[in-house]
Each structure stands twice: as C-alpha cells, then as structure tokens.
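Take a look at the letters that make up each chain.
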Amino acid sequence: MTTQSTAPGRVLGTNPAALRTAFARRWGPWLLGLLIVGGAFALQSQIYVGQERTVSTIFMFVALAQAWNLIGGFAGYACFGQVVFFGLGGYTTAVLMAHTHVGFWVSLVVSALLATAFGALIGLPLLRLKGHYFAIATLGVAEGMREVVINVPSLTGGGAGITVPTVGNQATTAYLGNNGFYVLFLLIAAGSVAISGLVSRSKFGFALRAVNQDEDAAGAVGVNTTRTKVLTFALSGFVTGLVGATYAFQQVTIFPERLFDVNITVLMVIMVVIGGSGTVLGPVLGAVGLQFVSEYLRQHYTNVHIFLLGLIIIVGVVLLPQGVVPYVRDAVRTREFSLLANVRRYRL
Amino acid sequence: MSSFLQATLYGLLQGGLLALIAAGFSLVWGVMNIVNLAHGSFVILGAYVAWKLQSLTGVDPFLGMFASALALFVLGYLVQRYVINLVVNAPIFVTLLLTFGLDLLLVQGMNIVFSADYRSIQTSYASANFGAGGVRLPYGRLFAFLVAVAVTLVLVAVVNRTRVGLSITATGMDRGAARLMGIRARHVYALTFGIAAALAGMAGAMVGTVGTFQPADAARYTLLSFVIAVLGGLGNMYGAMAGGLVIGLVEAWGGQYLPGTWVNALAFLVLVLVLIFRPSGLVGKAYYAARVEV
Amino acid sequence: MTTMPATSPAPASTVGPPVLETRGLGRRFGGLQAVSDVSFSVPAGQTLGVIGPNGAGKSTFINLVTGHIRPTSGQVLIDGKDLTGAKPWVIAKARVARTFQIVKPFRGMSIRENVAVGVLHGPDGTSVMSQALAAADEVLERVGLGAQASRSPGELSVADARRLEFAKALALKPRLLLLDEVMAGLRHTEIEPSLELIDSLKREGMTIIAVEHVMKAILAISDRVLVLHQGQVLTSGAPREVLSDERVIEAYLGHRYAKRQQR
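Protein chains in written order, with the working numbering: chain W, -14 to 333; chain Z, 8 to 301; chain P, 69 to 331.
Treat the hints as calculated values from the structure; they're not laboratory data. Treat the hints loosely; a few may be bogus.
In silico lysine to any residue, SDA-like type, Cα no more than 20 angstroms apart, as pairs [unchecked claim]:
{"hint": "1", "chain 1": "W", "residue 1": "K188", "chain 2": "P", "residue 2": "K161"}
{"hint": "2", "chain 1": "W", "residue 1": "K115", "chain 2": "Z", "residue 2": "V277"}
{"hint": "3", "chain 1": "W", "residue 1": "K188", "chain 2": "P", "residue 2": "E206"}
{"hint": "4", "chain 1": "P", "residue 1": "K155", "chain 2": "W", "residue 2": "T85"}
{"hint": "5", "chain 1": "P", "residue 1": "K284", "chain 2": "P", "residue 2": "P307"}
{"hint": "6", "chain 1": "W", "residue 1": "K115", "chain 2": "Z", "residue 2": "M180"}
{"hint": "7", "chain 1": "W", "residue 1": "K188", "chain 2": "P", "residue 2": "D313"}
{"hint": "8", "chain 1": "P", "residue 1": "K241", "chain 2": "W", "residue 2": "N209"}
{"hint": "9", "chain 1": "P", "residue 1": "K241", "chain 2": "W", "residue 2": "D201"}
{"hint": "10", "chain 1": "W", "residue 1": "K188", "chain 2": "W", "residue 2": "V215"}
{"hint": "11", "chain 1": "W", "residue 1": "K188", "chain 2": "P", "residue 2": "M251"}
{"hint": "12", "chain 1": "W", "residue 1": "K188", "chain 2": "P", "residue 2": "G193"}
{"hint": "13", "chain 1": "P", "residue 1": "K284", "chain 2": "P", "residue 2": "M251"}
{"hint": "14", "chain 1": "W", "residue 1": "K115", "chain 2": "W", "residue 2": "T211"}
{"hint": "15", "chain 1": "W", "residue 1": "K115", "chain 2": "P", "residue 2": "G193"}
{"hint": "16", "chain 1": "Z", "residue 1": "K59", "chain 2": "Z", "residue 2": "A78"}
{"hint": "17", "chain 1": "P", "residue 1": "K155", "chain 2": "W", "residue 2": "R212"}
{"hint": "18", "chain 1": "P", "residue 1": "K155", "chain 2": "W", "residue 2": "L109"}
{"hint": "19", "chain 1": "W", "residue 1": "K115", "chain 2": "Z", "residue 2": "P98"}
{"hint": "20", "chain 1": "Z", "residue 1": "K59", "chain 2": "Z", "residue 2": "V90"}
{"hint": "21", "chain 1": "W", "residue 1": "K115", "chain 2": "Z", "residue 2": "L276"}
{"hint": "22", "chain 1": "P", "residue 1": "K155", "chain 2": "W", "residue 2": "L114"}
{"hint": "23", "chain 1": "W", "residue 1": "K115", "chain 2": "Z", "residue 2": "L280"}
{"hint": "24", "chain 1": "W", "residue 1": "K188", "chain 2": "P", "residue 2": "D205"}
{"hint": "25", "chain 1": "Z", "residue 1": "K59", "chain 2": "Z", "residue 2": "L70"}
{"hint": "26", "chain 1": "P", "residue 1": "K155", "chain 2": "W", "residue 2": "L216"}
{"hint": "27", "chain 1": "W", "residue 1": "K188", "chain 2": "P", "residue 2": "S198"}
{"hint": "28", "chain 1": "P", "residue 1": "K161", "chain 2": "W", "residue 2": "N209"}
{"hint": "29", "chain 1": "P", "residue 1": "K155", "chain 2": "W", "residue 2": "V215"}
Computed, partial: chain W to chain P, Cβ under 10 angstroms [to be verified]:
{"hint": "30", "residue": "R186"}
{"hint": "31", "residue": "S187"}
{"hint": "32", "residue": "A192"}
{"hint": "33", "residue": "Q198"}
{"hint": "34", "residue": "D201"}
{"hint": "35", "residue": "G204"}
{"hint": "36", "residue": "V206"}
{"hint": "37", "residue": "V208"}
{"hint": "38", "residue": "T210"}
{"hint": "39", "residue": "G263"}
{"hint": "40", "residue": "E321"}
By construction, the Cβ of each residue, glycine as well, lies at the ideal position given by its N, Cα and C atoms.
The shape of chain W in the complex, shown without the other chains (with noise of 0.2 angstroms):
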C-alpha cells in the first residue's frame, strides 16, 4: 500500500492494459479502505456490548498507531513521549467542559488545535536531537506534562481526577454511549490511515522520506527539512489529540496517570514497528493484532497476560525486526521466505 514506483508518464496512454494496472494502484487501497470501514459499520449490529468496547479501542489504537507513524515511521524520529499530546487533548476537553461548559464538540476541535500548536512549539527546539536523545527528551516533556497537570488540582482536580459532566443540567452534550463512541473512533481510525495514505504518496511525503535517511542529502535537493519534520510532529499531535479528547469524553472520569501513561506511548511504538514503520498498512495490521492477541491473554491467562504479552514481544522483535509489512513486501519480491535468513541480516 506504499507507494511503489509508478511511472504513469510512460505507461499513460500507451497500453489499456498498463492503464488499468496504474488506476487500480492508484485507487485500489482507497476502495479496499472504504469497503473495509464499510464492514467495521455493518460489525456494529453484529456484536454484543462488550465487544464493541473492545473493538472501539481497536480502534483507538489504529489511529495512535499511525500518528505515531507519522514522526516515528515516516520521519523516522522515535517520540517517546507521544502520549502528551493524548493527555493534552484529554484534559482540555475535560477542563473545557467541566469548567467552561463548553460542548464536547467544539472542545474536541480546540483540543487538537492545542495539541498541534503544542507538537511545533515543542518541535522547534526537540527535533534538532537526534537518535535516543529525542526519544528521551520527548518522554521528559510527557512525564513533565503529567506532573503540572498532578500539581495544578484547581484546574486539573489534581490526582484525585476529573469528571466531565455527562447528565443533568451541567451536561452540555449528551453522552455519546457505546454505539457513539464506535462511530467516532472508526472515523478517526479511518481518517489517520487517509492521512497516512495521502503523506506515503504525495511531495510531503518524499521529503519525509528522504528526512528519515538522510538530513544533509535532503536539503541538498531543497526539502526544508526543519518545516517538514516540525509540520509532521504537528499533524501527529494533531491526530493523537483528537483521540485524546475522544477518549477523555468516553471515560468520564480521567486521571494524569492514565492520560500521560508512558505504557501508552510504548504500545503506539510496539504496533508500529510490528507491523512495519513506515508503511500505511503496517500500523494497522500491528494495532489490530496486537490489540486482539493482547485481549485474548487477558481473557484465558488472566494472571500471566503481561508476562505472555512481554515473551511475544521479545520473539515477535527478534524474527521480524523490519516489521510484518516490509518483510513481506521483500520476501515476496526476493523469493526469500526464511525467518533464519532475516534474523542473519540484523544480527551481530
């Protein structure tokens, strides 16, 4: 579902055949994606209660997944502390609709306004690091974030959480209740993998690509690099904060060690480079998996479930290092299926 190369200025033209082969490229993964959302919407009337909870944080995670593509994937800068932008949107649409009883929806746009303003703000200055230094201090502006957010409580309401008013006269939108929140969590799923799509395949895309190889060569051409990789940190708070928000407005009550848990943030990472980063498929399929696997330990080995989750990480990161998607891809393309024969390539 990358782009692969297409030469449509070759083939434009020339031969039906060829023609057909660069429309169903073109517009193939959009289909099988609308199809796809299409199904998650006829899901909806086929399961129980319980089961929509799950597959609504499916998800969720679909689109924490692939905003944390964008920076960690696409532009290659491995943010530790994405998990403030989900904790940034989450409060401001708590403290907005407890304080100012302000409607969710409109609390829901500012707090991924915010939460973007935030991504280059905190960009400028952080994604000058390189390496482990930005993924520290990415996860030193997170851990901060909750501490303020623990030490403001006239705001905040502190440890002790804050609920955002869902009934009487002090609700000032209805509570969306499951089937809600389905819909609302499939369509931002949805749009962040439009989004990854659309930056896979478009000249921000190129230069984002060329950012993550090789900073010097890709000024060399005239990718302003400080501009996309700032716009690219913002357009992933952009989507983690929407999420955020969503989430906030679900849970009712919300707590600064829920909303800035650092677990979060590895989860993201965890999906991403299983399914492969980079890639727009990669992050769903890891997302999807991952969250499956992670609720099927938790049902049948209740007590073990972590310890299990922890084993298939180890395993699953030792074999396919690259991710499921580009492993597949080169497998394909080299005829070389061998688990061995990967392992060889990334060890000492």
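Position chains Z and P relative to chain W; hints supplied.
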C-alpha cells in the same frame, strides 16, 4: 537550617546510590547505543536476590549484594549474548522495544513469584544512626553510599585500565576496527551488558536495605537512570556520579521546599533543557553527543 | 536549462556578477581552523577544479558554500546575492546543487524516487507526481541509469551509486554544480562516461566546481584550478601551470620530494 542540612545529607547519600544504578545504564548506552528499558527491573531483581538469600540463610545484605551481582551478571550476559545481539543492527526502536519486552517479562515474573507486596531487607544496624547538630545519619545509608562510590570508582578503573575495559571502550568507539584488532564483539557486548546488570543488582541489594521495594518500582529506577545518564553525559562514569548527586539533591531539596510533587516536574524540565542546550551532558565529552546512530 | 540571459551571447563573466563568490570564508571547529580566508570567484560557464592533499579543507569548503556547515567568518555570494549561512534548501533553491563524497542515497526509495525528491522540492518544485517521476526518468537516462530506475539504491555498484549522486544533483537543473570527488573509487573505464557527462554539461553552459583527486580528470575538465592547503588557498591558475608549480608538488608530496625533483 538543620532541616536543610538533613535534606542535603539525605540527597547526597541517595545520590550516590542513584549514581551506581545509572553507571551501568550509561555504560551500556555509551558502548552499544542501547537504551536498556529493563535496567530498573535488574535493580529490583537484585534486591529480591539479596532479600531471599537473607530470609533463607540469614546472610547480611552487604554480603548478599555480591550474590545479587553474580546472578545479574549471568542473566545480563546471557540476555545480551543470545537475544539483544540478534537485533543490534536494527533501527533503535527495535532495541528499545526488545528491552521493554524484557522489562514486562521480569516485572511480571517478579510479581508472580514474589507478589506485589512491599518488601525491605531488615538488618540490626541499618536504621540505627548517629547524630550531630540536629542531623541524623543512619548507618545503612552511609554504608550504601560508601559502597556505591567505591564500586563506581572500581568500575572506572576497570574500564580505563584493564584489558577487558579497554576492549569495551574500543568496541564502543568503532566496532569494525575493534573486530579487526581481534576483539570478539559478541563477547564484549555480552560482557558489558553483564557488568551493567551486575552493578544494578548490587545497587538493588542496597536499595532494599535502606528502603522498601516492589516490582512496579522498576520503571522509576529506569527513568532516573535515563535522566542521570543524560545529565552526566553518555558513557561517562564520573558524569554518572555527578548526575546522581545532582538528582539526589534536587529530589531531597525539592521534596523539602516545593509544594506537592512539583519537584518531579522540575527534574524533567532540567532534563529537557540540558538536552536542548548541552546534549553532551554536564561533564560529558562532545564525542558521544556527536556520535551518529549505528 | 537557461544559464545566461538569452539576449546576451557574451560570456556571463563580463555582464553579470560571478555565479559564486566567496570573501574571506572561514570555519573554525573548536581549536582547529579547518578553512580560513578563502576568497575567489567563479564566472558563469567556468569549470573550476579544486585540488589539495587530504585534510586540506576541500569538503568543508563545499559544505560552507551549500549551507551544510555554517561559516564562522566571511561571506558566500551566489549570483551576487549574499547567502552566507543560508540553510541547504535555500541554497538548493538558488540552483546550486552538489554531490556528497560519501554517497547519500535515500534508502527505502527506488532510484527513480530518489531523483524525484529533487524534482519535487528543487527550484522548479512541481506538485504533480507523474511529472516529477517522468522528469526523474529523463535525468536517469542522461547519467546512464535509465535501466536501473526501479531498483533500490542498495543494489547499485559503486560507480552507479556515484551516478545516482550525480542524477540527484542534476534533478535541480542547477546553474552551479559542486562535485565532491565523483570519480573516487572508479575504474578507468568507469571514469570516461563521467568525463563525457561533465563535458556535455559544460557545453550547455553550466558552471561547475569539481573537487577531485584524479589528476587526469582535473586536467580534462578544468578551465582553472584552485589549490587548497591547510585550509587556505595556496595558488590558482591554468591547470598545467598550477600542477607544475613547485609549491603544489611540495604540498602534495612533501618538502623533500620537491627538492629532489628540482635537482
């Protein structure tokens, strides 16, 4: 005034212990470019080893820490040799994820085996103290501090002066060249990781002696190691020492004078500012900061 | 590829400012003065060869011009415009392109896409993907990589990887091209096509600065040669004169060798 002195003293003593915890973390990062997210769980595991040993045989934790060190060295060596070495050449998120998976495994494993209850290693002398001028100094903390400083100094000597230490440094600087000189990188990497884990285990035994611990504390020690390693400058052992003392003092003073938990926010602000303005750390060499990702 | 005003057939050097001019350009790294006080100018259409022993500051000099390293002193003027310390993409958009001594392909993108990045983001920045890919194909055809367009950079030979560097630079349709050792590591048979390519670019009126160790290449393409030694300009002039200058021989081969040659 005496409360200030008391806080300063506690900060320095705690800082020494933190420095030992961070020293191994910093070594692994500097030499192999691996950020070990399981480092904190090594600390806690070390504490459990000493605790279990004491409750089974009555061995004093200050002797038991050598058992912790040995156990963790073996674990660390095997993990690096047979797991992490497999993905050393993959992008950095991969090693981060791998060590995170390891952390999940260890923390949950300890939860299952030892439960999530708070434990501490009791000794007859640890909480006894002598005082002067209104300031109390518990023997346990003093011993822990002295051991931590001594071990860190030994580590520096080992890295800078011995054959093993030099091969570690050389491999960290240029793996390809080190290989050409006949250094077995696989073994050296495993050795480095083993040493770091041993230090963490040792520190863990002392953590258990001066305070309480439970599996979930692991994350806190990993994060503190992060902050200290960056403050001190990557791979710089004296830097880790300085960073540990700074963080120990900041925590002690902040806990004393700042309302709520603003001290934590302050610590992270310091971290981010140092990264932006002085990425080579407080006493670090520019070499590590300028180093490209392998 | 218009390199000079269409109304004026005369050499650009006499009508406008030089394509590149540096005034007292220098860069200090801590205690090391890597480049100091480099002043010279290149008129339009000229090919300047830059030589000097290892560590003479040749690559640093290119990096200073293209904005990859900020100068600590002096000025860089491109077409008479002061672009000292401008970011690399600003320089690229002023139609100054470069290659890197250590090749820097964008891995994970095909050869065609590698070149298309420059077409999309260069001075003529199109947004139409099909146009950009078609333009990339044209450039690849010209440097002799047409058949490899769909492959990935990791599959290229040393010579082809250097051609890709060339292609990425040409994608900008530059007025000034800075070549950082594009012949290094090539076999004799592989050097010929590169020389032919440079020759054809010269005939189109492109201004070129070539850092090179291969003397045969320097002699073949340069109109003028500049010698850098220990970060400073040692001398400059016509290629044959410069290469027989004893100070140059001394800089390259050492004091004693130069003395022996004289005897």
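Hints, verified against the model:
Between the alpha carbons of K188 (chain W) and K161 (chain P) the distance comes to roughly 16 angstroms, so the proposed pair stays at or under 20 angstroms and holds. Annotation: proposed proximity of K115 (chain W) to V277 (chain Z) holds, straight-line Cα distance about 18 angstroms (limit 20 angstroms). Distance check on the hinted pair: K188 (chain W) and E206 (chain P) sit about 19 angstroms apart at the alpha-carbon level, within 20 angstroms; holds. The hinted pair formed by K155 (chain P) and T85 (chain W) fails the criterion: a straight-line CA distance of about 45 angstroms is larger than 20 angstroms.
Straight-line distance between C-alpha atoms of K284 (chain P) and P307 (chain P) comes to about 11 angstroms, which keeps the hinted pair within the 20 angstroms bound. A distance of roughly 18 angstroms separates the Cα atoms of K115 (chain W) and M180 (chain Z); the hinted pair therefore holds under the 20 angstroms criterion. Note on K188 (chain W) and D313 (chain P): the hinted pairing is violated, with a Cα-Cα distance of about 50 angstroms set against a maximum of 20 angstroms. For a cut-off of 20 angstroms, the pair hint linking K241 (chain P) to N209 (chain W) stands: about 18 angstroms separates their Cα positions.
Distance restraint check for K241 (chain P) and D201 (chain W): the Cα-Cα separation of roughly 19 angstroms lies within the 20 angstroms cut-off, and the hinted pair is therefore satisfied. Pair hint K188 (chain W) plus V215 (chain W) holds up; C-alpha atoms about 16 angstroms apart against a cutoff of 20 angstroms. Using a Cα cut-off of 20 angstroms, the hinted pair K188 (chain W) and M251 (chain P) is violated, with the two alpha carbons roughly 32 angstroms apart. Restraint check for K188 (chain W) and G193 (chain P): satisfied, since their Cα atoms lie roughly 10 angstroms apart, inside the 20 angstroms limit.
Straight-line distance between C-alpha atoms of K284 (chain P) and M251 (chain P) comes to about 10 angstroms, which keeps the hinted pair within the 20 angstroms bound. Proximity of K115 (chain W) to T211 (chain W) is assessed by CA-CA distance (about 13 angstroms); at most 20 angstroms being required, the pair is judged to hold. Taking the CA atoms of K115 (chain W) and G193 (chain P), the gap is near 28 angstroms; set against the 20 angstroms cutoff, the hint is violated. About 13 angstroms separates the Cα atoms of K59 (chain Z) and A78 (chain Z), which keeps this hinted pair within 20 angstroms; it holds.
In summary, the hint linking K155 (chain P) to R212 (chain W) is supported, as the alpha carbons are separated by about 12 angstroms, within the 20 angstroms threshold. The hinted pair formed by K155 (chain P) and L109 (chain W) meets the criterion: a straight-line CA distance of about 15 angstroms does not exceed 20 angstroms. Proposed proximity of K115 (chain W) and P98 (chain Z) is supported: the alpha carbons are some 13 angstroms apart, at most 20 angstroms. Proposed proximity of K59 (chain Z) and V90 (chain Z) is contradicted: the alpha carbons are some 27 angstroms apart, above 20 angstroms.
For the hint linking K115 (chain W) to L276 (chain Z), the alpha-carbon distance of about 19 angstroms falls within 20 angstroms, and the restraint holds. With a C-alpha separation of about 17 angstroms, the suggested pairing of K155 (chain P) with L114 (chain W) holds against the 20 angstroms cut-off. A C-alpha spacing of about 15 angstroms is found between K115 (chain W) and L280 (chain Z), which places the hinted pair at or below 20 angstroms, so the restraint holds. For the suggested pair K188 (chain W) and D205 (chain P), the alpha carbons sit about 17 angstroms apart, so the restraint of at most 20 angstroms is met.
Taking the CA atoms of K59 (chain Z) and L70 (chain Z), the gap is near 13 angstroms; set against the 20 angstroms cutoff, the hint holds. Proposed proximity of K155 (chain P) and L216 (chain W) is supported: the alpha carbons are some 18 angstroms apart, at most 20 angstroms. As the CA atoms of K188 (chain W) and S198 (chain P) are separated by approximately 11 angstroms, the hinted pair is consistent with the 20 angstroms bound. For a cut-off of 20 angstroms, the pair hint linking K161 (chain P) to N209 (chain W) stands: about 10 angstroms separates their Cα positions.
Between K155 (chain P) and V215 (chain W) the alpha-carbon distance is near 16 angstroms, which keeps this suggested pair within the 20 angstroms criterion. At about 7 angstroms, the closest approach between the beta carbon of R186 (chain W) and any beta carbon in chain P falls short of 10 angstroms, and the interface hint on this residue holds. For S187 (chain W), the shortest C-beta to C-beta distance to chain P is roughly 8 angstroms, which falls under 10 angstroms, so the interface hint holds. For A192 (chain W), the interface hint holds, since its Cβ comes within 10 angstroms of a Cβ in chain P; the closest pair sits about 6 angstroms apart.
About 4 angstroms separates the beta-carbon of Q198 (chain W) from the nearest beta-carbon of chain P, less than 10 angstroms, and the hint is met. Evaluation of the D201 (chain W) hint against chain P yields a held restraint, the C-beta minimum of about 6 angstroms falling below 10 angstroms. A least Cβ separation of about 3 angstroms between G204 (chain W) and chain P falls short of the 10 angstroms threshold, and the interface hint therefore holds. Look at V206 (chain W): its Cβ gets to within about 4 angstroms of chain P, closer than 10 angstroms, so that hint holds up.
Below 10 angstroms, beta-carbon pairs count as interface contacts, and V208 (chain W) has one with chain P at about 5 angstroms; its hint therefore holds. The criterion of a C-beta within 10 angstroms of any C-beta in chain P is met by T210 (chain W), whose closest approach is roughly 7 angstroms, and the hint holds. Look at G263 (chain W): its Cβ gets to within about 7 angstroms of chain P, closer than 10 angstroms, so that hint holds up. Because the smallest distance between the Cβ of E321 (chain W) and any Cβ of chain P comes to about 14 angstroms, over 10 angstroms, the interface hint for this residue is violated.
Of the numbered hints listed earlier, those contradicted by the structure are 4, 7, 11, 15, 20 and 40.
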